[in-house]
Every structure is written in structure tokens, then in C-alpha cells.
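Here's the letter readout for the chains.
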Amino acid sequence: MALQVVGLVRRVQGVISHTLVDGIDLSVAKGEFLAITGPSGSGKSSLLYLLGLLDAPTEGEVIICGQPTSKLSETERADVRLTKCGFVFQFHFLLPEFTALENVLLPMRAYGRLSAKEMNERAMMLLTSLGLAEQAAKRPNQLSGGQRQRVALARALANRPEIIVADEPTGNLDTASTEQVFGILRDIADNGQTVVVVTHDAALAARADRRIHIVDGKIYETSFGVDRKPEIAAATGAV
Amino acid sequence: MNDPVAAQKVATQVEAQIGYKSVSWQEANADLLSTFATRDFIVLTVMGAMLLTSSFATYNIISTITHEKRHDIAIMKSLGMREYSVRRIFIIESAMMGSVGILFGWILGYLLCYAWSQITIFNPLTGATVPLQIYYSPMHYIASGAISILCCAVAAFFPARKATRVHPVEIIRGGS
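Listed in order, the protein sequences are those of chains A and B. Numbering of the first sequence is given in the numbering used here, commencing with residue 1 and proceeding in unit increments. Numbering of the second sequence is given in the numbering used here, commencing with residue 240 and proceeding in unit increments.
No lab work stands behind these hints, which were simulated from the structure alone. Do not rely on the hints blindly, as some may be mistaken.
[Unchecked claim] Stretches of chain A that chain B covers, calculated by requiring three or more beta carbons in the stretch to come under 8 Å of a beta carbon on chain B:
no.	stretch
1	71-78
2	98-110
3	201-210
Ideal Cβ positions, reconstructed from N, Cα and C, are used throughout, including at glycine.
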């Protein structure tokens, strides 16, 4: 199991206590493409942030590649995020003063394992595979929305994470760019990395391996995509 | 005497030996010397107040910068950069700003000292007209630079820490 969630609860304390995620159990296989849908305020983004270790649960456990994470310190959590999770946001996902290449280099620099040459090569390879070789030296304000989103994807892939987590990655894109980004996510999943996506786009969600629909912080229903591979089906069963 | 500061000790010895009252230059000018002490205290207080003011300015600037960059902070934390790494960026930025200020301060300070050294005074005791004696020392520049950089770093530390401590989720939720 690439990702496992047991009894996940996330409450926020305000004047009134508000429960965002209300007891969710989930198992996601390696290479599975999972779509999370739900109405606004249903808790789907909150669930996504918990899956990507951006947030810590109030109760329950998030297990990434067999490693339980809810008891980790902030620094340990950051380390796991750096190596195991690639996060793609809907807005404000690129550093505006850096070129596309420099944005993709960022996680590799933070990890510090590769030489400068190796990092540059890998960054160029990622950008080229996403059709952005020409855009490597451009700043985000010189790129279109679809191009920016692909740079964000390239950056998320930089440290070869086990899991790609994306919050409405096609939310601001036109049809052509949406198709392109979806195709990339599909390829990533086929390559053996797990992809979890929150989306409003029902058509997109239907083409994922599995779709879970969240209402009021709980899984309301689960459905499976027609293209789901047999080995993914075997790994996840009917959960 | 070879060592002017030892005058006090020598005066006591001479007094004991010859039986006449001996007065060292420090005793003779005690009033004047005490005004120097007061002056030093005032100067230090004023300089301290100026440093405090510029430290507040640095605090304010870094608060503003980190607020403007909160989305960038969220991105960096979300991709797994450690809090201290992100915080360090702003402290270094503050130190760089401080360095520019220190350089200007050194140049301005030196020019002012030079201007003062051109002022001449008439000494009634010797009847000569002499320029003001300005004492230059590299220690002045080193000490002022070191203290200023320290103030910059400390003044930047608190707002940087506050900003980089924020959970990326709160920044994202807070409005795109």
C-alpha cells in the first residue's frame, strides 16, 4: 500500500469546534489514480492536505509507504514531504522571481543529494517530458496557465516522490490544457507513482482508477473507473 | 612621565617622599574628567536609542516582506523545506540590507570626522592655532559594523520566525 489512512479525523478549534474530516479509512495502492470529489466545504481539500502531510490529523493515522506519520515532529514531517510527497496547488504554486527551471530545481536543492549538474539535467529532463523545454528559462509571468501548472507538476516530480497530491490541478485551465494535464497524471500513475487528485470535474474523476465522493467529511460513495488496471483492482479490492 | 595614566600613583609616591602636596593631572582636572564621563554616557544612550529605532524599522520591513511573501513561504514549506531554512532566507536578506547601511555609515562617518579635523581652535595656553585632533581607529568601524549586523539579524529573527511558523494550510486557506 502506498498510502493508508485509518480513522482519520480533523477538527479545528474556533469559537465552535468544526469537524473537517470525520472518520475516514482509505487504502491507496501504488500506481493508483484516485480522484476525490465532493461539494464545496465537504472536507475534500482538508483530506488532501492530510494525505500530503501538509496538515496533521486530530485523530487517526496517515501511513505513507508503511511509515506512520501522525506522531512525527514538524521537521520530520517536512523531511517526509520532501522525499515522498509531491504537492500541486491550484493557485500560487510557483515562485514568481525564479525561472521555470529554478522552480523545478528547488526541491532537489532542498534535498541536496545530487550534484549541480545532475540536478540541472534532471530538471531539464522533467520539463522536456512535459513539453516545456523551450520555457525553461522563462519566469512564471511569461507562461500560460497550462504551462505554469505543468511546471508545478515537474517540480512535484523532482525528488521522485511515491505520491503526487494535486488540489484542483485543472481548475483554471481550458479544455486542451486540462486534457494535457490529465494525460500527464495518467502517465505518472502508469509509471508506478500514486496520484491523488481533488477535482470538481466529474468527467475527469470518472476516468481515474477510483473515485471517492466526500460529503460532510465522510466517504459517501466509491466508484471505479472503466480503465482501471487489473493489478490495481486486485491491490485495492472493494475498499 | 612615560605613562600619563600612572600620574595618580606617582603623585602619591612623591607626596610620601618629599612631604609637599603632589597633585596629578587627573586630580587637577577632576571636574573636566567627570564631564567626559557624563558625555560618554549621554553619547552611548543616544546611539543606543538610534540603534533601537533602526532595529524597529528593520523589524517592520521584515514583517512586511514576509507578509507579502507568505504564498512563497507556503510553497517552500509544502515541498518539504525545513522551517529554519526558510527563516534563514529572510535573516540573510536583512543582513544584506544592513550591510549596505553599514557601508554608507562608514563612509559618512569618515567624511564627518575629516570635516571636523579641518576646524581649527586657538589655544590660549600656547598661543598657537591648531586643528581639532581627531582620533581614528579601525576598531570604531569594526565595532559599529558588528553591532549593527547583530541588531539587523536579531530584529529580523522575530518576524521571520513568526512568518515561517505559520502552517502552509492556513496560508492556502486564507485566500488565494
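Hints and how they fare:
Counting residues of the stretch 71-78 of chain A whose beta carbon lies closer than 8 Å to any beta carbon of chain B gives 3, which meets the minimum of three for the stated coverage. Under a criterion of three residues with beta carbons nearer than 8 Å to beta carbons of chain B, the stated coverage of the stretch 98-110 of chain A is upheld, 3 such residues being counted. Requiring three or more residues with a Cβ within less than 8 Å of a Cβ of chain B, the coverage given for the stretch 201-210 of chain A is violated, as only 0 such residues are present.
Checked against the numbered hints given earlier, the structure breaks only hint 3 and satisfies all the rest.
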